[in-house]
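J.: Residue numbers (the working numbering), protein chains in the order written: chain A, 226 to 384; chain B, 2 to 708.
Just so you know, the hints here were simulated from the structure itself, not pulled from any lab data.
Hints should not be assumed to be uniformly reliable.
[Unchecked claim] Examples of chain B residues lying across from chain A (beta carbon under 10 Å, computed):
id, residue
1, Gln40
2, Arg217
3, Gly356
4, Gln385
5, Asn608
6, Phe646
[As the list claims (entries may be wrong)] Covered stretches of chain A (in silico footprint by chain B; criterion: 3 or more residues with CB under 8 Å from a CB of chain B, positions within the stretch not fixed):
id, segment
7, 319-326
8, 359-365
From the three backbone atoms N, C-alpha and C, an ideal C-beta is built for every residue, glycine too.
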Amino acid sequence: MTENLSFVVNGRPVSLSIDSTTPLLSVLRDDLDLRGSKFGCGTEQCGACMVLIDGKPEYSCSREAATVEGKTVTTVEGLSGTAGSHPLQQALLDEQAGQCGYCLSGILISAAALLASNPKPSRADIIAALDPHLCRCGIHNRVIRAVQKAATVIAGARP
Amino acid sequence: MISNTLPQSLIDNPLLSQWIAFEQRGSVRVGSGKVEIGQGILTALTQIAADELDVRPEQISLVSGQTDISPAEGFTSGSYSIAVGGASIRLVCAEVRSLFLDRIAETLGCLLSELSIEDGRFLRAGKDTGHDYWSMAADIGLERRASGTAPTKRPSTYKIVGKHLPRLDLPAKVVGAGFIHDIAPENLLHARVLRQPWRGAHLAGLDESAVRKAARIPIEILREGEFTALTADSEIAVMRASEAARTLAKWEGGTPPPSDAGTPAWIKGQPSRDKTTETGKPGRAMAGRVIEASYSRPFLTYGSIATSCALAEFKDGALKVWSHSQGPAVLREWLARALGLPAAEVNVFHRQGAGAYGHNTADDAAFDASFIAMRHPGRTVRVQWSREDEFAAAPISTAMVIALRAELNEDNKPADWTIEIWSPPHAQRPGMNGNSNLLGAAALPNAPPLKPLNDVPDERGGGATRNAVAIYDLPRHRLIHHLLPEVPIRTSSLRGLGAWANVFAIESFIDELAEIAGEDPVSYRLSLLSDPRARRVVETAARMSNWFEVKNLPEGRARGFGFARYKNIASFAAVVVELEVEEEISLKKVWCAADAGLVIAPDGARNQLEGGIIQGASFVMREQVRFEDGRSAIHSWQDYPILRFSDIPEIEIELIDNPNEPTLGLGEASVGPTGAAIGNALAPALGRRIRDLPLTRERIMATLLAE
Numbered sequence: 226m227t228e229n230l231s232f233v234v235n236g237r238p239v240s241l242s243i244d245s246t247t248p249l250l251s252v253l254r255d256d257l258d259l260r261g262s263k264f265g266c267g268t269e270q271c272g273a274c275m276v277l278i279d280g281k282p283e284y285s286c287s288r289e290a291a292t293v294e295g296k297t298v299t300t301v302e303g304l305s306g307t308a309g310s311h312p313l314q315q316a317l318l319d320e321q322a323g324q325c326g327y328c329l330s331g332i333l334i335s336a337a338a339l340l341a342s343n344p345k346p347s348r349a350d351i352i353a354a355l356d357p358h359l360c361r362c363g364i365h366n367r368v369i370r371a372v373q374k375a376a377t378v379i380a381g382a383r384p
Numbered sequence: 002m003i004s005n006t007l008p009q010s011l012i013d014n015p016l017l018s019q020w021i022a023f024e025q026r027g028s029v030r031v032g033s034g035k036v037e038i039g040q041g042i043l044t045a046l047t048q049i050a051a052d053e054l055d056v057r058p059e060q061i062s063l064v065s066g067q068t069d070i071s072p073a074e075g076f077t078s079g080s081y082s083i084a085v086g087g088a089s090i091r092l093v094c095a096e097v098r099s100l101f102l103d104r105i106a107e108t109l110g111c112l113l114s115e116l117s118i119e120d121g122r123f124l125r126a127g128k129d130t131g132h133d134y135w136s137m138a139a140d141i142g143l144e145r146r147a148s149g150t151a152p153t154k155r156p157s158t159y160k161i162v163g164k165h166l167p168r169l170d171l172p173a174k175v176v177g178a179g180f181i182h183d184i185a186p187e188n189l190l191h192a193r194v195l196r197q198p199w200r201g202a203h204l205a206g207l208d209e210s211a212v213r214k215a216a217r218i219p220i221e222i223l224r225e226g227e228f229t230a231l232t233a234d235s236e237i238a239v240m241r242a243s244e245a246a247r248t249l250a251k252w253e254g255g256t257p258p259p260s261d262a263g264t265p266a267w268i269k270g271q272p273s274r275d276k277t278t279e280t281g282k283p284g285r286a287m288a289g290r291v292i293e294a295s296y297s298r299p300f301l302t303y304g305s306i307a308t309s310c311a312l313a314e315f316k317d318g319a320l321k322v323w324s325h326s327q328g329p330a331v332l333r334e335w336l337a338r339a340l341g342l343p344a345a346e347v348n349v350f351h352r353q354g355a356g357a358y359g360h361n362t363a364d365d366a367a368f369d370a371s372f373i374a375m376r377h378p379g380r381t382v383r384v385q386w387s388r389e390d391e392f393a394a395a396p397i398s399t400a401m402v403i404a405l406r407a408e409l410n411e412d413n414k415p416a417d418w419t420i421e422i423w424s425p426p427h428a429q430r431p432g433m434n435g436n437s438n439l440l441g442a443a444a445l446p447n448a449p450p451l452k453p454l455n456d457v458p459d460e461r462g463g464g465a466t467r468n469a470v471a472i473y474d475l476p477r478h479r480l481i482h483h484l485l486p487e488v489p490i491r492t493s494s495l496r497g498l499g500a501w502a503n504v505f506a507i508e509s510f511i512d513e514l515a516e517i518a519g520e521d522p523v524s525y526r527l528s529l530l531s532d533p534r535a536r537r538v539v540e541t542a543a544r545m546s547n548w549f550e551v552k553n554l555p556e557g558r559a560r561g562f563g564f565a566r567y568k569n570i571a572s573f574a575a576v577v578v579e580l581e582v583e584e585e586i587s588l589k590k591v592w593c594a595a596d597a598g599l600v601i602a603p604d605g606a607r608n609q610l611e612g613g614i615i616q617g618a619s620f621v622m623r624e625q626v627r628f629e630d631g632r633s634a635i636h637s638w639q640d641y642p643i644l645r646f647s648d649i650p651e652i653e654i655e656l657i658d659n660p661n662e663p664t665l666g667l668g669e670a671s672v673g674p675t676g677a678a679i680g681n682a683l684a685p686a687l688g689r690r691i692r693d694l695p696l697t698r699e700r701i702m703a704t705l706l707a708e
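Please work from the sequences and hints to get the whole structure.
T.: So this is what it looks like as structure tokens:
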């Protein structure tokens, strides 16, 4: 069942010889040592494992790794590109939008995808984009403020 | 002034050297037995230590929950961390500063008043003396008992406490780092344990070859008694094997809970140990003015976003354990007992997991990893639970029934008041009642029988009786507590224990009495509240929300009020909720006023209150664990919905500035008042009061249809 699997992760082409039915999350964490994406439920119900696949937020906990053959995957580690950090990460710190923080890496992924497609999201847009994500500590309002702030920062940085 | 009586943590860990060390130049190691569970404790303790020692926060290196060098401080629970752990660190740091200043004054032959400290360096009349904590530490020696008598700083002189210090752990977390789940040394052995579906269940059959086949690569199956562990070099293999094992396992015997477990009738039918506590004398009641109402809450689970994880390594007779336990020192002791090791050979290192809102499975995972590690010396064993096991085998926050009865006087105020509570215990953490309370240990052959259960003693805030005594002026108060110690479910602590359900019941009942009296609910509360701090909090929440001004909300929309002082000794919180109801509740806005005395980390305090509001709302609006076929009927988040982004109201918080009062525990303060305020808003919005939780769409629809 071992197959060759090639895709781009965080801008870096990778080629692995693995059991391609393994969940993508396991490949990212265990084989590629990208441990920012989290296991929360394994059934696409909490959003802790969210990654970008060709720019779209997708759960990685139960989809088979083979499904990303030839695609581009971005995890929280790759969110900032070559910059030090993504404006969303700074905005989360500015708003102190975290308690335990376990849900944040997945939330960052969905929020980044939102801002990439909708640079001026309304509160309702943000809620819709983040609704797949569960947070048990109750930092929702802080996260919403952080996404609004990051949107402003990105808009200001644009010439 | 902050009181100088010794807090419990300092009584238990009396030497200054147990708390503080000046090992590395420029850096102060401060120990704490309290651990980060998402509440920001590491940041707040750092603020306290830095301020009291006159060093910068970045000079503090806080070592939390490392059992060989951190003080043993029991569990991080009950909103005690700042009030007890923080108070201990403050006294220790003040004493250390005093000791060093006295020595410098003696060495230089100068007055104490000439000396000051900056970044840990001693200054005389503002000039560097060439001495600092690190140069003096060897001479002074901290192997001495803390007296607790050194003067602590006056709150008005604080430079770091009470000011904003960004959370120290967040920068790592916004890049997805810093969790126990991410520790991955070489040579890991992954493991999962097949959980018994109920207490005492016997594994009558398991098709091991089918389990091995599901794993797809070779795995090892370790079976001792009812403890069955699957191990392999790959995590995915043990995940696949354990999913197969769960389906294939045949269980018999033991005490499966019945399907009606948790209903009010079932709860009230359980064997009980009863205790009645009475205070005061009844006032003059009016004939026929007896009001009674009964409330209930279901079983709940803590629902952390991560599943529990632990690592353990057994080498040369010594066991190292990495765990997100809330009580590393207690875990160490009970792991040692359960594994037959001397405690000195066990060392627990706290590493952060996801938020723990009560007794979760961290300790159970630590036992799993440790037990398996002892059978694989030299390997680091890593256990991470499945989501399904979390829902099925985690400790459960217990269902309760709370009945209230008041006899009213001619002013419609209570002349006599009785609260009657039926509840299993709210705490079965490791060590409680002399039981290890470690799931894996209970599955072993010859596991010691479970010793009889008690609830958290009243002097520790009580479990089912937490916040059972209403804070209002009541001439006579009677508390009847039916402890139900024999229910076949591992009931344990969830944020606030019995408090939030008691507050829900009491505050609902107060609203019901106000309605009978024809008074505004807030005015009615104020007429029964003489404590000035309590009044101020209630009045502040009313002012913030324009409670008395806002009338005539549209149909289906209403406001409710809830108030409590957590444990009657910690923070005060009053909450106003505005909601709308059609088929289900939609929260619109929440206002919260709180008095926590001296606030160490103002933004952290707000964050905790906000989180408590959202979690408290989730508890009463959505959450319920049911049982079927002898086991938990909750398999995934689909079966256990919690509030989501689209459910969250705007929240406004006001912290009452009270820096000269001692710091009061705050992490659990807003949970109860929020649930109560929701119930009290739902009643007018719906035109009918619902007394049994949760306040779900089904319950609301059934209530409307029953009209």
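J.: Which earlier hints turn out false for this structure, listed by number in ascending order?
T.: When the structure is compared with the hints, none of them turns out to be violated.
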